[in-house]
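Participant: Residue numbers (this note's numbering), protein chains in the order written: chain A, 6 to 139; chain B, 6 to 355.
Everything labelled a hint here was simulated from the structure, so no lab data went into it. Check the hints yourself; a few may be wrong.
Cut-off 16 Å, straight-line C-alpha distance, at most; resulting in silico cross-link-like pairs (EDC-like, lysine to aspartate or glutamate) [said to hold, decoys possible]:
#: 1; chain 1: A; residue 1: K77; chain 2: A; residue 2: D100
#: 2; chain 1: B; residue 1: K291; chain 2: B; residue 2: E178
#: 3; chain 1: B; residue 1: K336; chain 2: B; residue 2: E320
#: 4; chain 1: B; residue 1: K263; chain 2: B; residue 2: D196
#: 5; chain 1: B; residue 1: K349; chain 2: A; residue 2: D74
#: 6; chain 1: B; residue 1: K336; chain 2: A; residue 2: D100
#: 7; chain 1: B; residue 1: K346; chain 2: A; residue 2: D100
#: 8; chain 1: B; residue 1: K349; chain 2: B; residue 2: E152
#: 9; chain 1: A; residue 1: K79; chain 2: A; residue 2: D104
#: 10; chain 1: B; residue 1: K94; chain 2: A; residue 2: D122
#: 11; chain 1: B; residue 1: K89; chain 2: B; residue 2: D196
#: 12; chain 1: B; residue 1: K231; chain 2: B; residue 2: D294
#: 13; chain 1: B; residue 1: K263; chain 2: B; residue 2: E288
#: 14; chain 1: B; residue 1: K349; chain 2: A; residue 2: D122
#: 15; chain 1: A; residue 1: K27; chain 2: A; residue 2: D52
Quick caveat, the model's predicted, so the values are computed rather than measured.
Below are the chains, spelled out letter by letter.
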Amino acid sequence: MRHESVPMYWRNIPQYYRLVAKRCRQCGAVYFPPALRCRCGSAELEDYDELPHEGRLVEYTVLYQVGTDFLKQKPLIVGLVELNGGVRAVGQIVDAQPDRLAPGTRVELVFRRVAVDGRHGLIMYGYKFRPVQP
Amino acid sequence: MTRVGVVGWGVYIPRYRIRTEEVARLWGDDPQRIADVYLVNEKSVEALDEDAVTIAVEAARIALRRAGVSRERVGAVYVGTESKPYAVKPIASILIDALGLRNDILAVDMEFACKAGGDGLAAIAGLVEAGRVEYGIAVGVDTSQGEPGEHLDYSASSGGAALVVGRDGVAAELEAMYAYASDTPDFWRRDGSPYPMHGEGFTGEPAYFRHIIEAVRGLVSKYGYKPADFTYAVFHQPNGRFPLRVASALGIPMDRVKPGIVVTHIGNTYNASALIGFARVLEMAKPGDRILLVTYGSGAGSDAFVFRVTDVITERQRAPAPAVEHMLRNKVYVDYAQYLKMRKMIKLLE
Numbered sequence: 006m007r008h009e010s011v012p013m014y015w016r017n018i019p020q021y022y023r024l025v026a027k028r029c030r031q032c033g034a035v036y037f038p039p040a041l042r043c044r045c046g047s048a049e050l051e052d053y054d055e056l057p058h059e060g061r062l063v064e065y066t067v068l069y070q071v072g073t074d075f076l077k078q079k080p081l082i083v084g085l086v087e088l089n090g091g092v093r094a095v096g097q098i099v100d101a102q103p104d105r106l107a108p109g110t111r112v113e114l115v116f117r118r119v120a121v122d123g124r125h126g127l128i129m130y131g132y133k134f135r136p137v138q139p
Numbered sequence: 006m007t008r009v010g011v012v013g014w015g016v017y018i019p020r021y022r023i024r025t026e027e028v029a030r031l032w033g034d035d036p037q038r039i040a041d042v043y044l045v046n047e048k049s050v051e052a053l054d055e056d057a058v059t060i061a062v063e064a065a066r067i068a069l070r071r072a073g074v075s076r077e078r079v080g081a082v083y084v085g086t087e088s089k090p091y092a093v094k095p096i097a098s099i100l101i102d103a104l105g106l107r108n109d110i111l112a113v114d115m116e117f118a119c120k121a122g123g124d125g126l127a128a129i130a131g132l133v134e135a136g137r138v139e140y141g142i143a144v145g146v147d148t149s150q151g152e153p154g155e156h157l158d159y160s161a162s163s164g165g166a167a168l169v170v171g172r173d174g175v176a177a178e179l180e181a182m183y184a185y186a187s188d189t190p191d192f193w194r195r196d197g198s199p200y201p202m203h204g205e206g207f208t209g210e211p212a213y214f215r216h217i218i219e220a221v222r223g224l225v226s227k228y229g230y231k232p233a234d235f236t237y238a239v240f241h242q243p244n245g246r247f248p249l250r251v252a253s254a255l256g257i258p259m260d261r262v263k264p265g266i267v268v269t270h271i272g273n274t275y276n277a278s279a280l281i282g283f284a285r286v287l288e289m290a291k292p293g294d295r296i297l298l299v300t301y302g303s304g305a306g307s308d309a310f311v312f313r314v315t316d317v318i319t320e321r322q323r324a325p326a327p328a329v330e331h332m333l334r335n336k337v338y339v340d341y342a343q344y345l346k347m348r349k350m351i352k353l354l355e
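Only chain B is shown next, with the shape it has when bound in the complex (with noise of 0.2 Å):
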């Protein structure tokens, strides 16, 4: 029986974007030294209709038509996001109905930062190689908060990334993974904060770069990788450079680094981050590839997968579902002005 893996993906990014230098005009930055730090030349909005349930339903629509999996099939739904409409309901529960899934399913919502999309991944690997559900539906969708005029105005950004896991059809399977955690506190929110908090110098070193070259490391060494023996290596990307300085740190050439990388295109998506670069290197890559997979989460967490692509990839690259790449052209520029009004942070009365 063949292994445990991914089946279908799909993605989901909103149309409007807004450049980076729009937003330094508002706050008196330079947007040239902006674009430098942080390697984000422009980032994704959300229409005022779009919200973190929205933006699943669309990845996970797309992940399903993928897969070519019929809905009956489907015996889990994870979701991984900080950025639930509500504060106390499901977005799982409203995937089911949206796709049409059974009802007498697994739905999860789950939040551990930028982590959870892929630790829904990890879940429902685990649930199928048990044998208690034969598909599932992991996704990782955020609408991510950032503060007007603190940095995060630069990068936070919409998206979302779904992977149908199973066993019948998989076009990149799942080889290894290891997972690393320890509690830091780099950045949070707190329960009713509209905006989250950094924990001022944790960011770096402690937080992004210590918990994935511990989950890098440990793979490696549990299952005796080598760095060369990855062809892509995707990691969290909150900026562009912390993925480009973490793949040096862990000898990994930029070249397999690179073309998983959106945060310059689309900003940080969190939760859908790691996935969303993914995504687009499923859509490249060619049977035999191996793909480093690694998610971060602040608070901290890092998972680590390797995944082997089958022959199965070029039959789900050609499916008729939109492409990573078509979802990064299609784009129409707003100013700050439209941006506040998309994003909901325009006080209204209701």
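The shape of chain A in the complex, shown without the other chains (with noise of 0.2 Å):
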């Protein structure tokens, strides 16, 4: 199976795990994912670890064709949300069915497993959207 190196994927866990983002200490704008230099030309960015855990669906798509990691959870949802404050990101969408979303339905994060190294190797865990319930 071809997937993100273990290397790669414990530099991510923050990013992963918790949208941890990057701020630019001149102007303010938060990254997500985290970028290296802001486009205000400044590249001093911080940590920011306080992006909101929901947002609104911008646009999905459903996609049937899917990499080997995913070939066992077709069809994968995959969303743009933009969370509340603006800050968007792109990630999976789970607990839902494609017929019932829309742009503007409420998301909220979780936390699931994104990719499996094999009956033996690492389990890769991150973040994914689900539709919030009334």
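Two chains, two frames, a set of hints: combine them into the complex.
Facilitator: Take a look at the structure:
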């Protein structure tokens, strides 16, 4: 199976587990996924651990042709989510039926298994989104 | 200074359910008879991408939110489970990074069949009382195993509960606790075995009933309680019948036990079983109420705790965090084939 290497996964744990972003010390812009340099030209970015865990679905797509890690999870719903406050994040949408989703659907962050390295390898966890139940 | 106790609680129940009649359909049982014997109508099923780690994270996030405790003040995290996704690799350390807790804290995984989650509560209470940590999080979680077609297939389910324990902002003070354990061969799972085994005839009297009754009798006689002192009594719930029977043996009226019974709706969540019942009761409790919480783990042992609800409870009940009732209500039914897929019981080439 092809998926992210163990060192890469380990390095990205703050981002994958709890949406740790980067914030520019000069102009305050927030980047997720984390960026190395700000649009304002500054390279002084700090960890920003306060992104909200709720937002709204901006758009989504339903995938039937998926990578090997996701073959058993078809169809895969991938969405663009605007978190409260305006930062956008791409993520899998789970606990959802594609025909019941629409732009504007309220979603919340959940912690799930993302990829599993076979029977003996590492289980890689990360964030996904699911519709908020009233 | 106030007593140590529960500052916040959080429960996570996966959204999927399978009905008792669907399991009975597969295995040729009479569904009415099964439901009558176990008093379990349906049970929770984790999604394909959920496991004890993800459920623990969700429950703990909710508990922290409800407690209103900042992550920097948590000094210990204890996880009790018997369904670790890894034989060797802790859940507690994943919780540290998923919750954004400090790294210089005590992180522990514990195992004692279904009792380890409650043992975390006891351990953290001790650490807080000793002044070694300000707050700790105790999690009981399981995606419990049952052999398809065997009677656990009707009850073994998935869920988690987390308690934030501390001294500041306590909603339920820990008044007393008492423990009882002995080597009892009622239920076990050998290393590498996919499903547990039962010691025939040991499950009831010498195991569940003996340990719970001894723990509660010890507690009552040491601290001078009467059954009437408890507004609610919550017991470990392997099925719907056992907690009712043990309450009756202890002279506790049924109406004090029923509010804490969740097994009928979600099955036996093992390490989360009594704790989810406890959380549900906390969500309806009033200041001054006394709650008896009794865990049980095969092998075998039982911890009995008494909590006294404080004025803080109303604030915690109103906190912006999902309630147990909400989790019980929001559900999607699956059939047996989906159940096997979600529980990863279909053998796949990987």
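Participant: Would the pair K79/A and D104/A pass a check requiring their Cα atoms to be no farther apart than 16 Å?
Facilitator: holds, 14 Å
Participant: Between K336/B and D100/A, does the CA-CA distance stay at or below 16 Å?
Facilitator: holds, 10 Å
Participant: Would the pair K263/B and E288/B pass a check requiring their Cα atoms to be no farther apart than 16 Å?
Facilitator: Holds. K263/B to E288/B sits at ~14 Å (cutoff 16 Å).
Participant: Need the status of pair K349/B, E152/B: alpha-carbon distance at most 16 Å?
Facilitator: With a Cα-Cα distance of about 13 Å, the restraint between K349/B and E152/B holds, given a limit of 16 Å.
Participant: Between K291/B and E178/B, is the straight-line Cα distance small enough, at 16 Å or below?
Facilitator: holds, 13 Å
Participant: With a cut-off of 16 Å on the C-alpha distance, tell me whether K231/B and D294/B pass.
Facilitator: holds, 14 Å
Participant: Does D52/A lie within 16 Å of K27/A when you go C-alpha to C-alpha?
Facilitator: Holds - the C-alpha atoms of D52/A and K27/A are around 5 Å apart, at most 16 Å.
Participant: Is it true that the CA of K349/B sits at most 16 Å from the CA of D74/A?
Facilitator: holds, 15 Å
Participant: Is K77/A close enough to D100/A, meaning Cα to Cα at most 16 Å?
Facilitator: holds, 15 Å
Participant: Check the hint pairing K263/B with D196/B against an upper bound of 16 Å on the C-alpha distance.
Facilitator: violated, 36 Å
Participant: Need the status of pair K336/B, E320/B: alpha-carbon distance at most 16 Å?
Facilitator: violated, 27 Å
Participant: With a cut-off of 16 Å on the C-alpha distance, tell me whether K349/B and D122/A pass.
Facilitator: With a Cα-Cα distance of about 15 Å, the restraint between K349/B and D122/A holds, given a limit of 16 Å.
Hint violations for this structure: numbers 3 and 4, all remaining hints satisfied.
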